[in-house]
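Engineer: This is what each chain is made of:
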Amino acid sequence: MFYQILVNGLIAGAIYALVAAGFSLIYSTVKFVHFAHGGVIALSAYMLYLFYSMLGLPFWLAAIVAILSGSIFGVAIDYFIYRPLRKRRASPTIILVASVSVLLLLESFNLIFFGADVKSINFLDIGTGLTLGPVIITSLQIFIVASSISLLILLFAFMKYTKMGKAMRAVADNKSVAEIVGISSERIYTWSFALGSLIAGFAAVLIALEQNIEPTMGTALMIKGFTASIIGGVESVAGGVLGAFLLGLAENLGIWWLPSSYKDAIAFVILFIFLLFRPEGILGVKKSNK
Amino acid sequence: MLSAYFIHLLILIGIYIILALALQLALGYSGILNLGHIAFYGLGAYTSALLALSGWPFLLCFLAGGAVAMGSAFLLSLITSKIKGDYLALVTMGFCFVIYSLMLNLDELTRGPLGLPGIPRPTIFGFSFSDNFSYLILVTIIAGLVYLIIKRITDSPFGKLLEAVRDNELAAKILGKDTFKVKTFSLALSAFFAGLAGSLYAHYITFIDPSSFSLMQIIPIASIVIVGGLASLPGTVLATVVLTLIPEALRFVGFPSSILGPMRQIIYALVLLLILIYRPKGFFGKVELE
Amino acid sequence: MEVLKIENLKKHFGGVQAVDNCSFSVEPGKITALIGPNGSGKTTVFNLISGIIRPDSGKIFLYNPFLFKDKNITHLPPDIISNFGVSRVFQQSHLFANLTVEENLLLAFNNNDQNFWSSVFGLESWGQKSASAETSTRQSQKKIVAEYLALFRLAHMAEKPARDLSFGQSRLVEILRSLINPHHLLILDEPIAGVTPELRDMIKKLLLELKEKGETILLIEHDMNFTLNVSDRVIVMDAGQVIAEGTPDEIRHNPKVLEAYLD
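Residue numbers (the numbering used here), protein chains in the order written: chain A, 1 to 290; chain B, 1001 to 1290; chain C, 2001 to 2263.
Keep in mind that the hints are not guaranteed to be accurate.
Only pairs whose alpha carbons sit at most 25 Å apart, straight line, appear in this in silico DSS-like list of lysine-lysine [stated by the list, open to error]: (1) Lys2059/C to Lys1281/B; (2) Lys87/A to Lys1286/B; (3) Lys175/A to Lys1084/B; (4) Lys263/A to Lys119/A; (5) Lys2213/C to Lys2030/C; (6) Lys1151/B to Lys2142/C; (7) Lys2059/C to Lys2005/C; (8) Lys1151/B to Lys31/A; (9) Lys2005/C to Lys2069/C; (10) Lys2142/C to Lys1286/B; (11) Lys1084/B to Lys1286/B; (12) Lys1286/B to Lys2160/C.
Partial pick of chain B residues on the chain C-facing surface, computed with a CB cut under 8 Å [as the list claims (entries may be wrong)]: (13) Ile1153; (14) Pro1157; (15) Lys1177; (16) Val1182; (17) Phe1185.
FYI, nobody ran anything at the bench for these hints, they're computed from the structure.
Quick caveat: nothing in here was measured; it's all calculated off a predicted structure.
Where a beta carbon is used, it is the ideal one built from N, C-alpha and C, also for glycine.
With the hints as constraints, model all of the structure from the sequences given.
Structural biologist: This is the structure we're talking about:
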């Protein structure tokens, strides 16, 4: 039983990690909470449903369209909403309020165009599980964990070795210094939204395969992704990933004792504890209080 | 004679005015970015409904609704005393989510997603407010009283102190003000009035379930407060009337009812976004959101 | 007896030792100036005195003849320290931007506005003045404010929000607010930086008048001429330490001071 919980935690963590990685990547450069990130995921999942289940495109093609549309939505939100707010020097808190509005906007669009009922993508047969020693895991779940981890490795390589990745880290570290050496922060913001939302689109495809698609899934996922980022340290992508796996484990351990509908509340209790006692997260560095 | 539909709208407007004025006190006058306002509304509704169903008289249920909301605000203020800015906004959001989860999961008390039906209409000193017209009078009187009380608070030296804390908390401290006490008091009062609004809602609709108190319900109320203008009481009232009536126009355009709900949300979200970007002072406010 | 006594204060930010074993005291009825090159830790000392930040080690004592002798205020919060008699003007504007000039000043008189019931509903609570007495004090407070504003040619701004004030006007209002705030020690962080020459003379005159009335003032100022002219005692800081102390004349001829500024 314990090993099964461990594996379930790992699977949940793999999905949360993608949500948190995209979110943290965006936060690290723009320095405000892009809550609508969850809405981008939900919308991308519906794009997969639209192109695969409704329009009948081949799955792989529909998946690529969904992932790319995630990226486009992210950049569009930045361009049409956040950029005008940045121009008039709105505080991060105001941008957060705007971001929550965008999330509600996206959820309402999903409701209008796709209806309130739960959708599922029946591409892979998830019924049969493989028995590996004491645990049961489906091939889809193995695929999810494997692809999530590979994507995260690719992301780290990108951030470490490419010119764009280095520029992103420079802006994340110190915007004004980065600008002095000739990096345009606005351009980097656009790229962070493009890349972060691309990961969101990828997460959407995996979630659509493993779970169901519903209009309010964005809020629920965002709460998980945000909690994971806070646990690990909101300014670091690695921290977000670590936090995601810890959160996945904590939730699956928690519903050992509690009714499973408390799963979301567990995330919030952990979020509270971290915000109160260690807001900089596990990997975060405490800033000197000047 | 007023049509039944119009009376219904006026009652809802009255309840929203109380809820929006309450948020105005915390957000507009004290600068507390409380995105969990709906939790206080919900706590008031559930407290009042549960007590009424167990046979308490309306006036006691009504005041208890306010008191429970106030007590929870006091607790929330204590645990968040060290948190500032967008983290505070996020924690209050989290608080709303925790309260929502409790409504959904404390089956034995709240009947979970099934909700609480059969909440009695109020009876005060033998007079029953069972028809909507008399209920409208009740709501109008209470909304009027709340308006006068909040106006009296904000005009007093205490109200000026709230605004001082909003404008510059450090300067208020340097003048010897106990800003934590002041903000706690403001949040508790705000929650009290929100709780009263919740009670009026529960006894009007006579049925409540958690869906009326989800996180996203904050967007219409926040739109009202920000469109009306921070720290403007007449602006709040006017904005409540206008923003409640605008989505009703959709009903006459002939949209199916399944689309009306999300359309209304889209309108509120769009209004909020537009006002944040183009007119952050709202229409009657003197104070700019920072 | 000193009004303020600082003993071996230390504070670091990251790797920077902003205040390093700093000790000095402020004598009553005098103007004491704290000078030193940029980054020498003067404002940090002010932040430590007013309780905005806490020292790593060291002690701060306050003497207030009406309240106590030698009170250790080292770890107290800013509002308590203010109520113990320290009134401060910041280097940057800290007015309440959306309140009127008059309201800004009225807030400084006392903390009765914190009492919700008496403030909002005029209800009498135990041990407090009656509501009517409260109203009459409010009237007299408004009169005092009006007199101050007239004295500094700001009467026409009384009803305007503080955000409409010019830079110099807001400096003045801030100094007035710190004067109204009940205090035993005034600490002013660069009160004349960036103001016009006329306003500078006005503030200089005000400071000297305040001294005549027996006020104790500690100020930070970069303008050497001004500082050496108004102050009775000068404390020179460099790299978080006190490197010299004395009368303006002694400081003028102290080679260590010159060296610190030339570095």
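Engineer: Given Lys1177/B was flagged as interface, is its beta-carbon under 8 Å from a beta-carbon of chain C?
Structural biologist: Result: holds, 6 Å to nearest chain C Cβ.
Engineer: Under the criterion that the straight-line Cα-Cα distance not exceed 25 Å, is the pair Lys263/A, Lys119/A satisfied?
Structural biologist: 21 Å, holds
Engineer: For a C-alpha distance cap of 25 Å, please report whether Lys2005/C and Lys2069/C respect it.
Structural biologist: Roughly 11 Å between the alpha carbons, so the hint for Lys2005/C and Lys2069/C holds.
Engineer: Is the straight-line distance between the alpha-carbon of Lys1151/B and that of Lys31/A 25 Å or less?
Structural biologist: Judged against 25 Å, a Cα distance of about 37 Å means the pair is violated.
Engineer: Lys2059/C and Lys2005/C: Cα distance at most 25 Å?
Structural biologist: At roughly 8 Å apart (the allowed maximum being 25 Å), Lys2005/C and Lys2059/C satisfy the hint.
Engineer: Phe1185/B was flagged as interface toward chain C. Is the shortest Cβ-Cβ separation under 8 Å?
Structural biologist: 6 Å, holds
Engineer: Are the Cα atoms of Lys2213/C and Lys2030/C separated by 25 Å or less?
Structural biologist: Satisfied, since the Cα-Cα distance of roughly 10 Å is no more than 25 Å.
Engineer: Given a cut of 8 Å on the nearest C-beta pair, is the interface hint for Ile1153/B held or broken against chain C?
Structural biologist: 5 Å, holds
Engineer: Measuring from the C-beta of Pro1157/B to each C-beta in chain C, is the shortest one below 8 Å?
Structural biologist: 4 Å, holds
Engineer: Are Lys2142/C and Lys1286/B close enough, with their CA atoms no more than 25 Å apart?
Structural biologist: 24 Å, holds
Engineer: Does Lys1286/B sit within 25 Å of Lys1084/B, going by the straight-line distance between their CA atoms?
Structural biologist: 23 Å, holds
Engineer: Was the hint right that Val1182/B lines chain C, CB cutoff 8 Å?
Structural biologist: 6 Å, holds
Hint violations for this structure: numbers 1 and 8, all remaining hints satisfied.
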